[in-house]
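K.L.:
Top to bottom, those sequences are chains U, L and Y. According to our numbering, the first sequence is numbered sequentially starting from 1. According to our numbering, the second sequence is numbered sequentially starting from 1001. According to our numbering, the third sequence is numbered sequentially starting from 2001.
Among the clues, some could well be false.
[As the list claims (entries may be wrong)] Only pairs whose alpha carbons sit at most 25 Å apart, straight line, appear in this in silico DMTMM-like list of lysine to aspartate or glutamate: (1) L/Lys1052 x U/Glu57; (2) L/Lys1040 x U/Asp78; (3) Y/Lys2173 x Y/Asp2144; (4) Y/Lys2082 x U/Asp78; (5) U/Lys141 x L/Glu1005.
Hints were generated in silico from the structure; no laboratory data involved.
The chain contents come next:
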Amino acid sequence: MQKEKCAHTWQMVNVTPCFIITEKCYHCGKISTYFSTGHNPPMEEYREGEHYWNFMESAQSIHFDLKCTKCNMLVKFDELLGVKMCTGCDENCEANTLLKKLEPERTWVYIAFGCLPVNEKKQLSKEKISILEEYFNQRRKSSKSRIKVISHEIVSNIEDCYAEVIKDVDMLSLTLPEK
Amino acid sequence: MKLQEIIDKVGLKKLTNVEVRNVQGVFISDMLSDVMTNAKSGNLWLTVQTHKNTVSAANLINLAAIVVTHGKEVPQETIDLANRFYVIILGSDLSTYELVSKLIGIGLKP
Amino acid sequence: MAEELKLNLNLKRIKKVLKADVIQGKGLLSTKISGVYASDLVSDVLAYSKSGSVLLTGLCTKQVAISAYLSLFKAIIFIRGKRPNKEILEFAEEKNMIILLTENDMFEACVKIANADSNSISKFVKLIESSEKKNTSVHKFHIDGQDFSNSGLLSTQIKSILQNIGYEPYLIKRVSISAYEGEMNVVMHAKEANLTLNANEKEIQIIINDRGKGIPDIEQAMQAGYSTATEDQRALGFGSGMGLPNIKKNSDELKITSEVGKGTKVEMKFYVIQE
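The whole structure should be built from the sequences, with the hints applied where relevant.
P.N.:
Printed below as a string of structure tokens:
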């Protein structure tokens, strides 16, 4: 007997507030990003293999998993650092081509990105990206517009991508805003 | 409630193009991660954030509109981005809390 | 920039309406507060808030506690069940600050506090005079004609006054509907008006005295469907013509006197039925 396939209804679970830490190695120029649940990232330069990491930015974000409310299937999103909206910053980027194609039907391209450097850390699978897309579209409750989630692998240069990242920078700054 | 009705009754400024939309509920936060976690499609989002990545968050969750409170000036680049992605941004000189008092007055409920 | 909001509330009342837990400063709850500020942005807390306020926030870090302290806040309320760590609690204790926790989200929390504080809504309707003797409560308000952006707020205000006195919900509903219709009539047709609310244990009376063009034919105006609303007003959803008939339906006594070119006086009464 064949098991019936569940038409998943996703729900965000295991939501943990955390910080996206960005560091740079001035020897090779690479950027490193990762989640931290602590409030104080290492401010001093430190060595990791061939890299010498220096602190650049700390932004508030969340880590989450998705769970199907019908069949209880849990999908862990440890490899996902965040999502960002493609604004078509690079003419030659494939994400821009996709956005141009989908824009007339109000389908917006969001890039799911993992930790940097890309080839040194585990990245999100295609299956998980399509689950993420399914989740956000279910939540939109709209037939008039949609979200297309793509992997950062499609972006021509993820380190130079100016897509709008959903994260909170400078929330904790005690500096007064400019008038 | 229709967005236009709220704009008229509460006296909100239109900072971007506005189209016909229904508003279902109000969400208040200045954290984008909070919007991504807890806001609901159709919400009116009250915030003091004006960075252009608010457009990214509002568009992802399909919010009805962003209302920037405290009379904060919204940068042109945020407005341009919002217009391109059909995200509506409105403005109010009231504080977030005072605006809530007015929204209750016209019948919006949690 | 918005003018300062004078709150008529203390933390005890806020604790009650938010069903909040006090985890720091239990002995300081009778402190009066001067305003409510809802934000998660530390820099804005510093820039815009007024001293003596209470901060509502979902951002649970020490920087928030520091900025609240620097801005002379009396208390911090963490929303949606966020729990501050030991470091924040110690800081608050040292600085004599009060910390409350609530499960409400930011909008719910603002709504509950605003509803508990009659002044936060009445800021938008001009309360001229208010007196409360034993068993009677008299409030006088001013209504501006053509002020559509604030229309309906006075009725909300009246409703919360009646709720605070403790009338039976169905009676409050009838009075609120009638007050709303009366208020809308002023906003649509008159230049301005004074509204007097007289509530005691036997009856609730509302008198609206407007300065405006008056009603030439009261009998015609009482018919359902009759409306003199302008096109602009119809576009806002007003002017269905149900105003006066709706007041008649909901009130126990209604008296209208009008002089063309001068104004209209609407007096309505609602009986309080004692159990």
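K.L.:
Now tell me if each hint is right for this structure.
P.N.:
Results for each hint:
| no. | hint | in the structure |
| --- | --- | --- |
| 1 | L/Lys1052 x U/Glu57 | 18 Å, holds |
| 2 | L/Lys1040 x U/Asp78 | 24 Å, holds |
| 3 | Y/Lys2173 x Y/Asp2144 | 24 Å, holds |
| 4 | Y/Lys2082 x U/Asp78 | 23 Å, holds |
| 5 | U/Lys141 x L/Glu1005 | 22 Å, holds |
The structure shown violates none of the earlier numbered hints.
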